[in-house]
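Asker: Given only the sequences and the hints, what does the whole structure look like? Please build it.
Here our numbering is used: the first residue of the sequence shown is 1267, the next is one more, and so on.
Because the hints were derived from the structure by calculation, they are not lab data.
Beta-carbon label-pair distances, calculated as ranges:
| id | residue 1 | residue 2 | range |
| --- | --- | --- | --- |
| 1 | Lys-1324 | Leu-1268 | 36 to 42 Å |
| 2 | Thr-1269 | Gly-1307 | 40 to 46 Å |
| 3 | Arg-1331 | Ala-1297 | 17 to 23 Å |
| 4 | Arg-1275 | Ala-1326 | 43 to 49 Å |
| 5 | Glu-1337 | Glu-1271 | 37 to 43 Å |
| 6 | Ala-1326 | Phe-1280 | 34 to 40 Å |
| 7 | Val-1348 | Pro-1296 | 15 to 21 Å |
| 8 | Thr-1312 | Gln-1278 | 29 to 35 Å |
| 9 | Glu-1271 | Ala-1291 | 20 to 26 Å |
| 10 | Arg-1273 | Glu-1310 | 36 to 42 Å |
| 11 | Leu-1282 | Gly-1307 | 17 to 23 Å |
Calculated cross-link-like contacts (lysine to any residue; reagent style SDA-like; alpha-carbon spacing at most 20 Å):
| id | residue 1 | residue 2 |
| --- | --- | --- |
| 12 | Lys-1308 | Ala-1342 |
| 13 | Lys-1317 | Ala-1291 |
| 14 | Lys-1309 | Ala-1297 |
| 15 | Lys-1317 | Leu-1335 |
| 16 | Lys-1324 | Leu-1335 |
| 17 | Lys-1309 | Pro-1296 |
| 18 | Lys-1317 | Arg-1303 |
| 19 | Lys-1328 | Ala-1345 |
| 20 | Lys-1324 | Leu-1343 |
| 21 | Lys-1279 | Leu-1268 |
For glycine and all other residues, C-beta sits at the position ideal for the given N, C-alpha and C.
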Amino acid sequence: MLTREERVREIQKFTLLSDVFMSVALEDIPACEHVLRIFTGKKELTLRRVKTQYSISKIATKSVRLDVLAEDICGALYAIEVQRKASVDHARRVRY
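Answerer: Below, the structure written as structure tokens:
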């Protein structure tokens, strides 16, 4: 069992890309809006709903777990799956 100090040291290592931290941080609608505004370039984006660690199960095809599924006030959906791997084509990976 970890001591309090050991837990604090582990938590201090988290970044926004840490799965646990991101799941909690992006449940906050203003925080998620900020991140999506950066990703999409839509400065006026307003979210209505956010779900983290959202699973989509399919019988016939591969299931997926999204890091974040968000819906804006116009009903558009934003599926966010963060990749830590370095890639030169980040813009292609952002789909909304």
